[in-house]
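A.B. asks: Chains A and B, in that order, give the protein sequences. All the letters of the first sequence, read from the start, carry residue numbers 359 to 607 under this note's numbering. All the letters of the second sequence, read from the start, carry residue numbers 359 to 607 under this note's numbering.
Keep in mind that a hint or two might mislead.
A pair counts as met if it fits within one copy or between any two copies, since identical chains are not told apart.
[Unchecked claim] Quick list of in silico lysine to any residue cross-link-like pairs, SDA-like style, CA-CA up to 25 Å:
1) LYS536 <-> ASP361
2) LYS536 <-> PHE517
3) LYS536 <-> GLY518
4) LYS435 <-> ASP540
Treat the hints as calculated values from the structure; they're not laboratory data.
Protein chains: 2
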Amino acid sequence: MADLTIAGLRGMPEILPGANLPALIVEAIGRARLEVDDGDVFVVTQKIVSKANGRLVRLDSVEPSAPAIEFGRRAGKDSRLIEVILRESVRIVRMERGVIIAETRHGFVCANAGVDGSNVAAGFVTLLPENPDEDARAIRDALTESLDRHIGVIVSDTFGRPWRLGQVNVAIGSAGVKPLVDYRGCLDASGQRLQSTVIGVADQLASAAELVMGKLSAVPVAILKGAAALLGDGRAADLIRPSDEDMFR
Amino acid sequence: MADLTIAGLRGMPEILPGANLPALIVEAIGRARLEVDDGDVFVVTQKIVSKANGRLVRLDSVEPSAPAIEFGRRAGKDSRLIEVILRESVRIVRMERGVIIAETRHGFVCANAGVDGSNVAAGFVTLLPENPDEDARAIRDALTESLDRHIGVIVSDTFGRPWRLGQVNVAIGSAGVKPLVDYRGCLDASGQRLQSTVIGVADQLASAAELVMGKLSAVPVAILKGAAALLGDGRAADLIRPSDEDMFR
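Using the sequences and the accompanying hints, generate a full structural model.
C.D. replies: So, in structure tokens, the structure goes:
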């Protein structure tokens, strides 16, 4: 009856630097007695990928620069946190009212350049993975080998948006999933050619997964079943709008 | 096993002005032999709500103003379409490279002020519903009465985003669903208080629904099952970031 189902993967342990994420995912699947089928998409949060990669910074170890101290003072924020954000940024898009919207090395534009202190030990923050598309690829390769299924993997993070309140999950890494589905030139149900419809499918898969992950319980992996039509090639980097086509940078 | 399932509702007829959408949805549910349970969320596309409300404009009937003619000439676009877009806008946020990003009367910021020629008869465009929150409320009231279930209703549209390619579904109308879930002050799995996490749940529900709707087949309604925890009060208007807090208007 359902076209798509979404299951949260419970029972994942706390992830430490160096953890073998695919092996831990396979173990948790076994304990939860979940079936994995061709066409499933695994959505894995940035937080556990960053932890496994050791992308953690202890704020006590950070020496804030003069600009970080100045902005921290104005915004009432920890200048060491600001320093980490500035180091992770290639460009500051907005820096006002205590909020930093920055462009990361990957080209993502997001709050605090993805530096985040939630769901991590006190006094630490996580940085975004250095190459989340490669992480997605590595997790997919390992899961494909262990499970012998044709699957996709998305690494998700939670980004705010201009104009709309609330954050939503997006794909920052992707392997084996079509990041975009381009309907331009196709005929719609009225028999007309669609002119500008390109759907950010990988972002929508990430958003769907968030609905079962929540933010308080430890559900850092979700499995979307029935997504075979959305498997394919591409990377989450394909979802980044090139700077020169962007009206809001 | 699954926490959430998403079913596309097939067999909806072409929607004409004055159509009784809730009655047509209930009939299609019966034909498809779908079960409706407490906690289900119905996502209904803007397109069929606009059609049922008669929010259609025949381009032949439009007299373009001088600014619309000028922009149409520069952008290589139909000046009558530009005229309709300008009429639906309270403010133009960007107007360059043939693209118009406009703020609508509702406060939505989107391409072409929501004016759209896809999935509608040739020579016509649809306008956004005048009050999509009220439409969601009316559909919910009628479905609740017919089906005797505790459900939510979202009216969805497909919006582009700054910085990222691809459009995603968002909620432009909502009834019986929490538009935002605010985790600020809650303890995360590490025992720390979350400081800024507010999730745009209604938008994520809309995005999840798009995955089974597609853009070519006539699947203008999806049912998300298992979403009882996301039912609640609020409107999609709650998702609009107030102008004076918005760094990108």
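A.B. asks: Which of the numbered hints are not met once you compare them with the structure shown?
C.D. replies: Violated: none.
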